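Q: Here the protein sequences line up with chains H and D, keeping their order. Just so you know, the first sequence maps onto residues 948 to 1547 in the working numbering. Just so you know, the second sequence maps onto residues -18 to 336 in the working numbering.
Think of the hints as simulated: they come from the structure by calculation, not from any bench. Take the hints with a grain of salt, since some may be wrong.
Claimed, not checked - Think about it this way: if two alpha-carbon atoms lie no more than 25 Å apart in a straight line, the pair counts; the simulated DSS-like pairs of lysine-lysine are:
{"no.": "1", "chain 1": "H", "residue 1": "Lys950", "chain 2": "H", "residue 2": "Lys1073"}
{"no.": "2", "chain 1": "D", "residue 1": "Lys325", "chain 2": "H", "residue 2": "Lys1187"}
{"no.": "3", "chain 1": "H", "residue 1": "Lys1506", "chain 2": "H", "residue 2": "Lys1086"}
{"no.": "4", "chain 1": "D", "residue 1": "Lys39", "chain 2": "H", "residue 2": "Lys1041"}
{"no.": "5", "chain 1": "H", "residue 1": "Lys1187", "chain 2": "H", "residue 2": "Lys1085"}
{"no.": "6", "chain 1": "H", "residue 1": "Lys1187", "chain 2": "D", "residue 2": "Lys80"}
Remember, predicted model here, so these are calculated numbers, not experimental data.
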Amino acid sequence: MKKKRILCVPLDPVHDVGIKIIRNALATRGFDTELLSPDLPMEEIVRRAAAGSYDDILVSRTLGYGVAELLGRLVDLLDASGVRDRSRVILGGKAITSELAAELGFDRGFDEHSHVEDIVAFIEGKSSRNHVAVVEKKKPDITAGYSYGVHDRRIETALDEIVEKLLRWSEGKSSPGVQRARLRQEMFSDASGSRKEALLDEYLSLSDGVIVDAFRRNVMPKGVRNVSQGELQALREMLKERSAFRPVTLRHSGDRPLIFKFLGSGCPVMDLVHAKVCERWGVDGFLLINPSWEARYEGLLEGALTHQNDGTVTSAENIRLVRELLEPSTLLTVRAHRGLNTPETVVLASHGGADMTKIDLVYGSLGAGTDPARLAVDGVEAIRLAARFKMPFDIPGNDELSGVPAWKTLAGLLINVHLGTRLGARPILKPLFCYGPHIVINGLMRQTFVDYNAAKIRALRAIVDCPIWTGEPIAFMTQTEDRVQSAAATSFHAALGTALKVDAMTVASTDEAYSRGPICIASRIDSLQGIHEAARFMGMAGFAPTAAADSMTADMHAKIADVLDQVKSAPDLPAAITAGLLGDREDGAYPGTFGKGTVG
Amino acid sequence: MIIGVAGTAKNTGKTTTLGTLIQTAYARGHLPGVTGIGYDGEERDNVTLLPKPRIIVKPGMIVTTSEQCLSASTARLRVLQHSSTFTALGEVVITVVEKGGLVVVAGPNKIADLDRVARQMQTLGVSELLVDGSLNRIAPMSVADRVVFATGGSRSTNIGRLVEETLAIERIFRFGLSEEDYTDISGIRLVAKDVQVQCASSDFHSVEDIVLALRQLPEGLAGIVFPGMVTSDGLAALCVRLRNEEARGIAVVFDNPFRLLLAGEPVRVGGLLEELEDLSIRICYRHRSELAAITFNPYYPAFDGTTYRAAYLDAAFGRSALANALSTPVIDVVAEGGEALYAKCFGNLPVVTSL
């Protein structure tokens, strides 16, 4: 087959790097290419194009003031010289869109985000649409390939005993949360009118007045209202207009770590607008975060609901809406462990199509305010449900933020992992990359932020074969109100996570810590751009923790084992939590009181 | 009848001129067809991001757009034909307007394709076809019988310079058709009474081609035919050579006025043509389009180095300066409406009352 002849025309004496890269790529693919020098007068370019017999003419030019007319004249000259009867003319450069290429009369336009493969495909006639080389993102499974085997015999023995005691303790116990979860499942599966009404009556008899008012009197909690059909329609219309999905690739190479962001503006419509922008910036998944007041009430609302303050209301409709409008490859996880609705949230998350959920029996009782006994009963049921629905669950170690030492927090995570594994679920460890109070007070990161964070990951890996997702978000308590500082801090922590080969990480926007209200999209992009640059800068290189990291790791490992031995000696997990074995008042952790006395 | 609406630059008022012609035709009971040589009708300018005039079409009109632009129109369009002509926005489709509204016009972007699509539209019954220009592009307009040139502040904020350039454009369109039929030739041809010398055969006549050809001038030279593209430097070389020859009375035949407009800055090209005329050389074309009118648009996007904002020249002064200098009608369609422009484009087509 005859080689295609390509003429490469840089029209810009400064920005001719792009076309040189493309020329090289085409040459290596066997095309017969010719590159003109960038300082030729237009008439000379046309003369050369007319004299040769080219299949395609690639023109490179960055758009700027008056450039459109210059490009229009070139196209006209090529047309008037008969060149366009035999050659296609393709334009590439910054800010070039398909519309502009069409307006200028080019056969195709490629911008700075186009891949060489797009151009090659067009030249080879393999496509007739722009941006055809759409990234086909596949939905990843964070837990794939992990055995959950415990490498440390002493720790394994302790975990076995702790979990055994917990399951024995919880056997036969129930709570309004567990009962509502069962009713919800029945309500979702049983559509008949009278039975459904009876189920709802029963459900509301187990719910607080604020939830009953919403169902029976259509009086919503303060600041909550239904999303209107018009708002939903406008959202769908807006998202329908989007062009082919073509995200930024945040990682420099490989498929890990996955990058997650929070959603929880209060409004699912705003959440989705943020999410769609973040998807384009390469985000792999989102965590749907509920309002803090929701945790205090028995029962959950129904419908597509918007809330005027932070925290998006947990409802099957809200989850389904978010899930439906995200890209199919994007992961969605729904926070369940906070408050009195843990098992029910797992049911709604599954029904709404979420991929994962978030359950931590220890943190939920220490940092998130739920009575340890109630959360133990609810948590066991929630993990069973997660296993049945095949939803992995992540276990955030955010009790460290209260001042709990890392080894106690990590011991708590390991209890959840072992319980989850025992119940047939797929848990995910979520240690913090943070500058938490215990670290600050004890000067553990005085020398560097690298060693102690690395020690957490190394210690966990030495103990169990389990996926690690650093959270939540990374760089917690290192960020300030300054956007540049905040993005830089996130980027460095992301680079460390990448070097440590973690499976995923949650990243904050640069205004998240100090926004005192909704965060803005630009700040979300700040941190993503930072991560992108950090990944590019680091590439395949890594961090080199100092020798101190080795002793920190060993110390962490030993202290985790000690904590687990202490918990093993307690009558059961709720008793251990109440006794402060996984974080005490001196640390800054207080057992929660929501739902106290509701376990029966 | 095919009417091209061309511009000397982006934002000189092509879309407004086109819209005025559409509305005037419709008011007179006609349904003009609309195509374009690029992409037009979008809400904001692709370069300046400033708001743009939109194109409103009426039921029954036949318009072209592209597959990708179909959904961008508020008018309801039914595809009549796929043209097999492709642009950066997909295949050009010929549609009929079923419900009036805004439309994004996309059309063939080169001469041969526009010629083919125009024929397809005429076969579908379009007798008045409007061709929407794009930026400063003019090459495909050679398909048009008549052309309206839009100029204004976006081309230059110096009204003296605008007048000078528009005069040069008018000069280029002034020349008539060749008496001889040179339709089928390609490459520079030297014509004498008994002999014809065929020189370079490319459609692009470089300075070197011209110089080489002029070295072979035969005895009894009667004409030189340039069927392809000539640059202003080539024209200058022609002037130099013919200045030293006894060329009085010979004909120099160019392909069409658009190719001469593309030869270089119109003022320079106009000056070189004047020099040839001063040598008593007869200039004519193989194909000709008429210059129907000039429209003047005082608007221009002022650039502060970062963003664009809308700004305006003195409309009355600009229009009268052009009108005083030119013999072609100068029309401000926003101030004067479309009747005079329509008459210059289509003549006095009867008013139809059955619409």
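Q: Would you mind marking each hint as holding or not holding in the structure?
A: Hint by hint, here is what the structure shows:
no.	hint	result
1	H:Lys950 x H:Lys1073	16 Å, holds
2	D:Lys325 x H:Lys1187	44 Å, violated
3	H:Lys1506 x H:Lys1086	37 Å, violated
4	D:Lys39 x H:Lys1041	37 Å, violated
5	H:Lys1187 x H:Lys1085	21 Å, holds
6	H:Lys1187 x D:Lys80	23 Å, holds
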